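Work out the full structure, taking the sequences as your base and the hints as a guide.
In case you want the letters, here they are:
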Amino acid sequence: MKIRVYISVALVSAALIGFQLALIQVLSIVQWYHFAYMVIAMAMLGFGAAGSFLSLFRQKLLGHADRLIPLLLTVTGLAMALVIPAAQLSYIRFDAYLLFADYGQIWKLIFTYGLFFIPFFSGALMIGIVFIQQVERIGKIYFANLLGSGIGGILGMLLATWFFPGHVSVFIATLPVIAGLFLLPPGRPYPQLFFSTVVLIVIAFRMSYPAKLKLSEYKDLSKALLLPGAQVISSKPGPHGVVQVVSSPVLRYAPGLSLLAQDAEPVKTATFLNGNWFGAVTGWGAGDSVMILDYTTAALPYIMAKREKVLVLEAGTGMEVVHALSRGAHEITAVEANPVILSALKHRFAGPIEPGADYAPPAFRQLEPRSFLTRDTAGYDLVVLPIIGTFGGSVGMAALQEQFVLTR
Amino acid sequence: MVSQTIENRGVKNKAVLQSMKTVPRHLFVPEKNISGAYEDRPMPIGYGQTISQPFIVAYMTEVVDPKPHQKVLEIGTGSGYQAAVLSGLVKEVYTLEIIPELGNAAAAKLGKLGYKNVAVKIQDGYFGWAAHAPYDAIIVTAAAEYIPPALIEQLRDGGKIVIPIGSPFMNQMLMLVEKKGKKITTKSLMPVVFVPFTRKKS
Numbered sequence: 000m001k002i003r004v005y006i007s008v009a010l011v012s013a014a015l016i017g018f019q020l021a022l023i024q025v026l027s028i029v030q031w032y033h034f035a036y037m038v039i040a041m042a043m044l045g046f047g048a049a050g051s052f053l054s055l056f057r058q059k060l061l062g063h064a065d066r067l068i069p070l071l072l073t074v075t076g077l078a079m080a081l082v083i084p085a086a087q088l089s090y091i092r093f094d095a096y097l098l099f100a101d102y103g104q105i106w107k108l109i110f111t112y113g114l115f116f117i118p119f120f121s122g123a124l125m126i127g128i129v130f131i132q133q134v135e136r137i138g139k140i141y142f143a144n145l146l147g148s149g150i151g152g153i154l155g156m157l158l159a160t161w162f163f164p165g166h167v168s169v170f171i172a173t174l175p176v177i178a179g180l181f182l183l184p185p186g187r188p189y190p191q192l193f194f195s196t197v198v199l200i201v202i203a204f205r206m207s208y209p210a211k212l213k214l215s216e217y218k219d220l221s222k223a224l225l226l227p228g229a230q231v232i233s234s235k236p237g238p239h240g241v242v243q244v245v246s247s248p249v250l251r252y253a254p255g256l257s258l259l260a261q262d263a264e265p266v267k268t269a270t271f272l273n274g275n276w277f278g279a280v281t282g283w284g285a286g287d288s289v290m291i292l293d294y295t296t297a298a299l300p301y302i303m304a305k306r307e308k309v310l311v312l313e314a315g316t317g318m319e320v321v322h323a324l325s326r327g328a329h330e331i332t333a334v335e336a337n338p339v340i341l342s343a344l345k346h347r348f349a350g351p352i353e354p355g356a357d358y359a360p361p362a363f364r365q366l367e368p369r370s371f372l373t374r375d376t377a378g379y380d381l382v383v384l385p386i387i388g389t390f391g392g393s394v395g396m397a398a399l400q401e402q403f404v405l406t407r
Numbered sequence: 000m001v002s003q004t005i006e007n008r009g010v011k012n013k014a015v016l017q018s019m020k021t022v023p024r025h026l027f028v029p030e031k032n033i034s035g036a037y038e039d040r041p042m043p044i045g046y047g048q049t050i051s052q053p054f055i056v057a058y059m060t061e062v063v064d065p066k067p068h069q070k071v072l073e074i075g076t077g078s079g080y081q082a083a084v085l086s087g088l089v090k091e092v093y094t095l096e097i098i099p100e101l102g103n104a105a106a107a108k109l110g111k112l113g114y115k116n117v118a119v120k121i122q123d124g125y126f127g128w129a130a131h132a133p134y135d136a137i138i139v140t141a142a143a144e145y146i147p148p149a150l151i152e153q154l155r156d157g158g159k160i161v162i163p164i165g166s167p168f169m170n171q172m173l174m175l176v177e178k179k180g181k182k183i184t185t186k187s188l189m190p191v192v193f194v195p196f197t198r199k200k201s
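So the sequences go chain by chain: A and B. Using numbering that gives the first Met the number 0, the first residue of the first sequence is number 0, and each one after it goes up by one. Using numbering that gives the first Met the number 0, the first residue of the second sequence is number 0, and each one after it goes up by one.
Keep in mind the hints are simulated off the structure, nothing from the lab. Being a predicted model, the structure only gives us computed values, none of them experimental. Cβ atoms here follow ideal geometry from the backbone N, Cα and C, with glycine treated the same way. It is possible that some hints are incorrect.
To be verified - Going by beta-carbon spacing under 7 Å, a handful of chain B positions derived as facing chain A:
| id | residue |
| --- | --- |
| 1 | Met42 |
| 2 | Ile98 |
| 3 | Tyr114 |
| 4 | Glu144 |
| 5 | Pro148 |
| 6 | Gly180 |
| 7 | Ile183 |
See the structure below:
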């Protein structure tokens, strides 16, 4: 019995942390990454509310603990499987961008908050009941709680690497249900067994038909897909987020294009990370968009001097790498932390750059720029930093801010 | 709205103010937002677009200094509100919208409300509308990262372009571009926030 309690506590703890990560991913996609903070607040509210509830109804809860614990675990699993699709329903789904215009969005936001709160409350309540009920073993139970939480964090990251967010949350939902099966009430647990079975069927259904995430209409990806001929040509999950590649004949990208430029050819293909613009994908032929960079301030260092050895930090889709190649750089090191993006970059530059060329393909490093800079001892003719902050009036202000990912 | 939030904030052109008073903004916003139609703020109109804040519409209109004999190009019809404001001030308004649903709805609305000198076309605004060039003024109502070369080409000598420049979802800078002979000058006017130019992303 003791070991089953430890396993159950570990499983639900893993689920609660894993579900937080899944929710962060989901909200980053349908809204913006800032809602990561909301997820943490929700989880803490759930735990806090559970503690308060437990203190108010302690005797009653402990009196029915044997039946309550597996029930709470199964409810937690069910909630984890259903709250995300429920939050996507049109009359519940909120759009942060509309908060300024449609005050009804505030109620939708509150309702969504309440929905996401449920699994944290029920899961935390179960843990709290076990803590009190078996206080003589609190050390080991707490260890199971912490161990499970740590595993949940790792599990959430691993699942995000291989599965889309709609699947991740559903997979995690199985953990508390399994935990509930470990702690079935004594006697005839048939109602609980039946409920657990139904929930597992629901989870299996959701696994087969995961929630389709509906992005805010104001997200970059939503707007890109409105362009004529736009289509998603590739979609990959990753620990940094979901990477999607969109093509459209009218996608253009040429930040700060000079007034002397005659034209800005479409890039046609662009990458999005969690629905946000990540970068343009260009070729390096004379008619390709990378030549447009020759009419932006990005060309300035190449005009001032020959740059043989170039370091590109946060290489992204490789536009600056291609630009460096087009300007005659022979040794290029590109640093990119996102493994999905890096894999695409490596694939892109795997073949010969140009027939008869006398330079090597770029060297790629999967590291955060700061980590790379602390280890790298090489010298470069040019270090290309990513565009920091906005282009326009606040670029100067952003340049004054320390960028910790890029500095030592 | 006009006296409290537009005139008080520095828009002085009498013709522009009169046009702002005349155009029924509530007919250009979604029905569920009608109650707030005359508040000085942007409003969503669907498809990731917004109808601009009235002050910005008036300001951008004033900046290009519209005259009754002029021909103006608008990039980003959206709801059609800016085009309606321009309609009463200039001879001809040509407006481009890349999203067919928005463009068609705006065209129908403008036609129904009697704005007969406004022509709406569903097209990528990047290339301007060469068939009716040159234009005395060009108003771009969505943020771009750069000034499309075609718009400069289609601007008459002495003409003006007003365009928000910068990254989307961040502050942009409203820029005035003037063409005098072969010389193109730009001037930063004020920081703004516009939804992105739909034909490109950043």
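Quiz item: Which hints from the list above does the structure break, by number from lowest to highest?
Solution: 3 and 6
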